[in-house]
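Asks: Chains as they are written, first to last, in our numbering: chain A, 1 to 608; chain B, 1001 to 1520.
Incorrect hints may have been included.
[To be verified] Quick look at which bits of chain B chain A covers, simulated, 3 or more residues with Cβ under 8 Å:
hint: 1; segment: 1353–1364
hint: 2; segment: 1497–1509
[As the list claims (entries may be wrong)] Each pair of labels, with its calculated beta carbon distance range:
hint: 3; chain 1: B; residue 1: I1256; chain 2: A; residue 2: A430; range: 55 to 63 Å
hint: 4; chain 1: A; residue 1: W593; chain 2: B; residue 2: G1181; range: 25 to 33 Å
hint: 5; chain 1: B; residue 1: G1181; chain 2: A; residue 2: R577; range: 44 to 52 Å
hint: 6; chain 1: A; residue 1: V595; chain 2: B; residue 2: V1039; range: 55 to 63 Å
hint: 7; chain 1: B; residue 1: L1417; chain 2: A; residue 2: A578; range: 40 to 48 Å
hint: 8; chain 1: B; residue 1: A1295; chain 2: A; residue 2: T279; range: 49 to 57 Å
Treat the hints as calculated values from the structure; they're not laboratory data. For glycine and all other residues, C-beta sits at the position ideal for the given N, C-alpha and C.
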Amino acid sequence: MSHRILLVALAALTLTACADRAAPLRIGAKGFAEQALLAEMVAALARRAGVDVAPIDTCGDTYACHRKLRDGEIDVMVEYTGTGLRFIGAVPGQDSMDDLRSLYAPLGLRWLNPIGFDNGYRVLVRADRPQRTIGDLTGVDGLRVVAPPEYVRRPGDGLGALVTRYGLRLGAKPLLIEPPSERYQALVDGRADAAIGYATDGAIAEMGLKVLADPAGFFPPYEGAVLVREDAAKRHPGLIEALGALEGRIDTATMRDLNARVQLEGRDAGVVARGFLATHDLVDPAPPGTDRPPVRIAVHPGDHLEAFVPRARRAVRAAFPDRPVSVVDDDAPIDRVAIGAARLTVIGAERFFRKSLRSLEKRTVRDDRVEAVAALGTRVLHLVRRADDAAEPFAGRVGVPPEATGPGFVGSLVLRQRGEKPARRGDAEALLSAVRKGELDAALLLAKAGDQTLTKSLAAGGLTLRPVQGWLTAERALVAPFLRPARVPPGTYAGQDAAVETLGAQVVLADAAPAPAIARGGGPAAALPSGGIPLTADQVDAVAKAAGVAEAPDPVLPSAWGARVAAPAAAQSGAMRALHAVLNVLVVLFTGWLVLITLRPDADDAAS
Amino acid sequence: MGSAPPPSNAPTPPEPDSTPEPRRRRLNLFHVALPICAVVGVGGIAFPESLASGAGAITGATFEALDWYYMGVVSACVILAGWLAFGRYGNLRLGGPDEQPEFSYAAWLSMLFAAGMGVGLLFWGVAEPMMHFASPPTGVGGTPEAARRAMVLTNMHWGLQAWSIYAMGALVLGYFAFRRGTPYLPGAPIRDVFRGRWVEPVARLADLVAVLAVAFGVAGSIAMGVLQFHTGLSVVTDVPAQSMTVRVVLLVVLFISYMTSAATSLDKGIKWLSQINITLALVLMFFVLMAGPTADLMRGFVTALGDYLTELPGLALTTYPYVDKSGWFHGWTLVYFVWWIAWTPFVGIFIARISRGRTVREFLVCVVLVPTLFSILWFAIFGGTAFHEEMTHGGVSQLVNENVTVALFSLFERLPLSSTLSWISLMLVFVFLVTSVDSATYVLGMLTSRGSMDPPVGRKLGWGISLAVLGGALMVAERIDVVRAVSILGALPFTLVLLLQISALLKAMRRDAVNGEGNR
């Protein structure tokens, strides 16, 4: 009996000893990609130093995170120096790291040295706009601004202070959009003239934006640095040293690149963070294959569909929330989707009809290996001539893009139907400068209305946009069913006061078309990868909704819409039904005969 | 031909049909069946579109017209198996009335396990529950109810129906082989029981249909197996994923492996390999059970068992007539059932061979229930781990919907020792493939040599080449619906043969029971 008591006591003692270990490190992160990345890096470095790490606490916005840190609910977070100063009530003149440290020391919080990037607020505009500095925006009367919701409320460096400092004249209340890529999309679409963003946002380069300079020094630096509680540092010796590895490690461009991988491509923040640290030998590399395979979108590089890719990417992310999405260049995007090497493609409607010119017959053949899932927008034909040229729109030498590209195909088709041939092929900038120099009389380009190359070129003066009218006859509509009447709205380009009538073709996001009916039901063999796999109906819905374009895919294209509700039985011909009836009768007769001979008494069998 | 059972002395090995037939007058089955397969194979490689549309049209029309019939036949097999096992024929013995079973219970049960294990369980273990979970035929995907439903559907495809079909096919062959000394030919029971001018042509047709069913079914499995192996290899190593060259190389390697074994007496080596394979598969299963959420998995197993028993009667006969889900049903359930029918002549022979001396009751109960239970356990473990991963971390069901093999490996990645597991399963696939095709050449050789238990090597090699050509044609077609359509081409008419066999069996049993044996 006494032995048992001893054993129980020993066990209890051991258990309590084990329970006395240090509580895990709690890391906090605000609700955006960069914070998630940096928090994962802190976690990985802490683990490497032998510290037990609790799951990362996404504490929301700056206010919530600071409260938690001060109350001790979280131990460490990555904060920005500028924000830190604002939230401690620093007075002007107090803006160095030493000031920061001395202001936070009474709270029991320690700042490590900056990580190396400056994620300050920036004012962004489209790259084709003429403004260079924030001050240049004063020239815009009725300025429309789009900003993150938190920005308008910020003390000291928010929207009100910015407007006052630079003397901007706002036209309306600012648009408030939180997700960065949607905010920038509003800017690209023309719903705002300027956007407030962060210097390290991944979408900046991808969407063709530029940062306006801040000569008045209005925006203070927002350098990222680790902010940690002193008592946590004491509880986990070696933590400060481990986190010190981040000091000076990541510059602004690198941070932007890492952000792009998470924000745009949808890769897992933990995987990207650990991958980055592994390349700098700060942690052990993760075993291969732990990243989820990306969903690939194939795009022909010569098609210049950059204006549509961000929207497509977001739409696909909505349908595949757990998967990263990557865009791959390919010279034959439809082929790639058809064999299953890419899941989706962004193509102009013209690519569905490329085969028609190859056959000797005049009829148009449509490539049904892919089907349109969502419309992304429209590209219109821009016929550009010199401003002083009064000749007919198509007179003289006309240049088009290369044949292998969508715009080039459409351009040559339009000319060929008129009995003409393109005088030259080249990319848009080369053609426009050739027209300006007089080497060509016209350039026929297919681009989105408001395309950046054209905006720049037409703003430089000397060129004008001519209408494309009267081309579309009943016969030509059969050869090029993807072209429909369209117009360039007035004021899209500099000096363009009237609307320009022209032709347009839709740009769509397409997936592999389903194989014939027998495979449509899925089934054990249908899951093996031997060709393109179409999206399911739910994914089609998610993509179409997320693409946010209010038009359906062009009805001349094979479409994923409505195709899923087709009743297979409707197509049964009389012959098929007769066949089915015959088969049914035969098997019933056979079964009846079988039952008869089974039940028949054995006497018949004996006869031989 | 009297109606007395053969004398009950030492068990006589079944003799091949020794009626002398001048070779010139009679069209040898080998000389008919092999050319058919070769022509389809070569034609398929040369004109893949014709093969695709032809096979698709036949299969499609048959499914559209007769799906209800196939479901009825399969369910009838289940009911019949139950009735035979527990009815008055249950005591009939597969052999002489006092004959002792050839193998001990333990050995017999473990060989039944082996018969039930194959490439299919390995790869569909994760994928099928996940696919039904994500896109169920009725209801909303991704919910806990969908998870339970998914298990029931999976078990319906791999459980009682499948094994009842195999059991009936095997029972017929075993009954006639051990009691009447007929060869293992599908037509033999028909010849033995029925009289009339129709019997001989029908029996020969039955043999031909069975040979085609096996050949096409195995060719389909070769094509799918190579594809699966290739994708698995491209996940674990740097081999390119879409390359036809790699697949052809794999097919050639497979061909050399199984031909070597078929041509030489490396049979023992193959048997030994196959036993290692099965052990490894069991080890894999237990590892996943331990490494995964063990308690949840066992809970899932018991629930799956309960759900399966309760929902089976309703599901077993559903053909979704008033809802437009017939696509799903044709794609999954029907294909599985007809696929099992295609493999019945093949698997039936092996099960029959090891079951000498068992009573009908023992035979049916064990052949139907034991592998079914094992399948339910297998899916509960693999599928259950996948459900757990999906519900806690997510990301599994989307992968599965696109690519079955990647899903299996990505599940392994979430467990410890992941690359070891991946390589083990790749190896398992390859060895299972080799052993299956090796056995198939033996069975086909036997079926086309009038049931000879030691078919001439030349015939086996001929079939080996044919299977490779057919499998290659399907692989080259690169369209899975073609593979599926061709692999069940032979099975569609074989269903009628199976029914004839069962009829013959029932008559023979009634005769034998009447003669006093059934009442013991």
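Asks: Give a verdict on every hint.
Replies: Hint by hint, here is what the structure shows:
no.	hint	result
1	1353–1364	violated (count 0)
2	1497–1509	holds (count 5)
3	B:I1256 / A:A430: 55 to 63 Å	57 Å, holds
4	A:W593 / B:G1181: 25 to 33 Å	28 Å, holds
5	B:G1181 / A:R577: 44 to 52 Å	48 Å, holds
6	A:V595 / B:V1039: 55 to 63 Å	37 Å, violated
7	B:L1417 / A:A578: 40 to 48 Å	60 Å, violated
8	B:A1295 / A:T279: 49 to 57 Å	40 Å, violated
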